[in-house]
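Asks: Using the sequences and the hints, build the whole thing.
Sequence order for the protein chains is A and B.
Just so you know, we're using our numbering here: the first sequence kicks off at -15 and counts up by one.
Just so you know, we're using our numbering here: the second sequence kicks off at 26 and counts up by one.
Calculated directly from the structure, the hints in this document are not laboratory data.
Where hints are given, some of them may not hold.
Simulated pairs of lysine-lysine, DSS-like, Cα-Cα distance not exceeding 25 Å [unchecked claim]:
{"id": "1", "chain 1": "A", "residue 1": "K180", "chain 2": "B", "residue 2": "K450"}
{"id": "2", "chain 1": "A", "residue 1": "K149", "chain 2": "B", "residue 2": "K444"}
{"id": "3", "chain 1": "B", "residue 1": "K247", "chain 2": "A", "residue 2": "K180"}
{"id": "4", "chain 1": "B", "residue 1": "K331", "chain 2": "B", "residue 2": "K353"}
From the structure, some residues in chain A lie toward chain B, with a derived Cβ separation under 8 Å [said to hold, decoys possible]:
{"id": "5", "residue": "C90"}
{"id": "6", "residue": "Q125"}
{"id": "7", "residue": "S162"}
{"id": "8", "residue": "P176"}
{"id": "9", "residue": "L197"}
This one's a predicted model, so the numbers in the text were calculated from it and none came from an experiment.
We treat Cβ as the ideally placed atom computed from N, Cα and C, and that holds for glycine.
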Amino acid sequence: MQKPQDEIDTINNKSRRKFVRGLSLLLGGSVTTALLSGNALAVAMAHSITSVSTLNSVPTFAGKIFTLSQLKQLQRICAIVIPKSDTLGAAEVNTHGFIDNQLFHCYEQAEQDKMITLLALIDDVAKQQFSLPFFSLNDKQQYALLTELDLGINNFDEQQRTDFKSLKQLICFAYYTSEVGASQELRYLAVPGGYKGSIPYKDSDASWGSQGLYY
Amino acid sequence: MTEDLYINNSKEVYDAIVIGSGISGGWAAKEFCERGFKTLMIERGRVVEHKKDYIGENKAPWQQPLRTKVDNLLVKQQHHIQQQCYAFTDATKHFFGNDKDLPYTTTKDSNFTWIRANQLGGKSLLWHRQSYRWGEYDFSANKNDGHGNDWPIRYQDIESWYSQVEKHAGISGALDNLENLPDGEFLPPFEMNSPEKALQAKFAELYPQRPLIMGRTAHLTKPTQLHLSQGRVQCQARDECQAGCSFGSYFSTQSSTLPAAAATNNLHIAPNSVVHSLIYDEGSNRIKGVRIIDNEDLSEREYFAKVVFVCASTIGSTQILMNSTSKKFPNGLANSSGVLGHYLMDHNYNAGASGDIDGFEDELDRGRRPTGLIMPNFYYKPDAKRGFLRGYALAGGAYREGWQSVQHQDGLGLEYKNKLKQAGKWRFGLYAQGEMLPRFDNQMRLHPTLKDKWGIPQIEFDCRFSDNETNMMLDAAEQAEKMLKAVGLVNVSSGVTHGPPGLAIHELGTARMGRDPKTSILNAYNQSHDIPNLFVTDGASFCSSAVQNPSLTFMALTVRAVDYCVKEMNAKRI
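Replies: What follows is the structure in structure tokens.
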């Protein structure tokens, strides 16, 4: 049991950490990052980009936080939030499995519970509207339901919308720190070889997937 | 390096013992060794070998099980304090102390964050590498407004020593020709990106007294022959420095001072040796050596030397002196003045402002620059009308947003994915680093009953920011917001926070220098007023915090003190 004072301290620590982190991002470089350079050191130190073991199939066992059916549901949500395009999407790189593991290791109980409650809510609304669990809806229905949640309209309120943003944040973190997300969807360079203040950029270019220590 | 670099038991009377292997200790050892002195460097923690022990280096996030984050349980059990440091990540966590073994207390209503790095290299592995000379006004600030004691040195006393350490360490920066932030022996500065260049020009136009300059940092932007000969090469702009750098591109003990010291064959290192206290001989009024508790098996041993340099970090050094009591010094060694432990300072990072920059959409920067920009303290001249004493610098930089800034936006599917992929808005921020006044009340002391696992009394902090620091932060937020709006940023917001001292990790004071032995611990050469063969050259010796990051001044003071000590020893006065 956490005492109230401990809770307050935790919150203060977190906001302070966030502030100092913001500061460090600015002092320590930038949120934006690296590009390939042809230099030999960079090549020598570059990560080998191995092929990803794709987990495109439906989950077959329960996770550390989520039940098997919750994981299946989460996989569908991941697929809709960040779908496959020229590059693999969130579901194909096991974002759902990563989120389960990350929630278990790096988040508090309250945040774990929030995500479980959110999945239950999504399922409840699916059953109300379509008499089917979310997982069994077609792509269009799933997309429409999540869009309502994302906007906090119809069956969803502002708090639920906020909770879904938290889930989207987990999905984004999982995807853009994955090998596919960081190095194929975005541009990754382990060893930039130096800093250049300006290079050309156009809308079709990807931003940097490599961010040093600070993700 | 010699095969017997690391020792455990030794009966030898060394020419010099250096306690600590961080920025100050590394320099002290190098300087003694290069003068032919048989030197023993004592480190309380484990050995960290350059390159080999940088176990978190160059790992992509997907190669880390928790993608840069640290497991809750580990944080709770071992790092609940250390995790507050911005640089605490999966790739760096092994360079931070284990809070379970390193307890400390704070008095009611006070708070202090004590970040620890107990291993060979100390915090030189983890530092932020910002390297600034102090100016004339910084050394005379205490005298001018009466807070704290007068520094016994002025800029000219330390100027040539700054030059010496800069050339060896490798400091990048631009020649900015500023009145109170003297230029040094610089390697080329890092580049600014285009929005930064534009803002620099705009600031120059609107605020000619408040220049925005490239941060000066201990990175090899263009290594010299000396650096290359040490196996150090050009900075690759990874900005993963605190994981360790096998390129040796930033200054650390491991990359710079240790190889130089080891090359003389005069260096020995006693790792895993927690200094309990100094051995003082009242008859000769000299330090004879140090008492050690083994870090791992808690056994005791002693080492002996003709002179002792205490470079164990500000709080660590003073803790050692406090725990070294005798009939003559019942309240801590070399503490006839009674000020040991007092005048504890840090810097104050509790204000900032940021906003969006219009334009530059067809540009991006490339590489992860390991420094930002700085607007040096523009309040260095005293002014009674300001409402507070001393001043602050504003550090910042421009960056283009990425997916982190888009993730909370509405949207799903391909359109959302495409938005996340693209570079977003340019943003710019300025964050304060404020001076903290030296105040007698801000102190550390030995806890009367609590001890750590080595049997050494724990530290109790009684330290808080005063109204002067709080008012300064309010001003910093206001000024930063005003300036950012004036130079054309949009959606500008500012704020102050209320973090306690400590987290800037610039702890200073507690064994201050001074002209008067009645009110200070050390003389103008970091030598104890009371005991001639005892020196403290780290942050503990500081009389004020100034605004600048202190590490470059640790280096210069240390090198200067060794030079003096060797001359005194040769003249048989020590």
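Asks: Taking the hints in turn, state whether each one holds.
Replies: Against the structure, the hints come out as follows:
1. A:K180 to B:K450: OK: K180 (chain A) and K450 (chain B) at ~19 Å, within 25 Å.
2. A:K149 to B:K444: Between K149 (chain A) and K444 (chain B) the Cα gap is close to 16 Å, so the pair holds against 25 Å.
3. B:K247 to A:K180: 14 Å, holds
4. B:K331 to B:K353: At roughly 20 Å apart (the allowed maximum being 25 Å), K353 (chain B) and K331 (chain B) satisfy the hint.
5. C90: Given a least distance of 5 Å, the restraint on C90 (chain A) holds.
6. Q125: Because about 13 Å separates Q125 (chain A) from the closest Cβ in chain B, which is outside the 8 Å limit, the hint is violated.
7. S162: Nearest chain B Cβ about 5 Å off; hint holds.
8. P176: Holds. Min distance 4 Å.
9. L197: 5 Å, holds
Comparing the model with each numbered hint stated earlier shows that hint 6 is the single one that does not hold.
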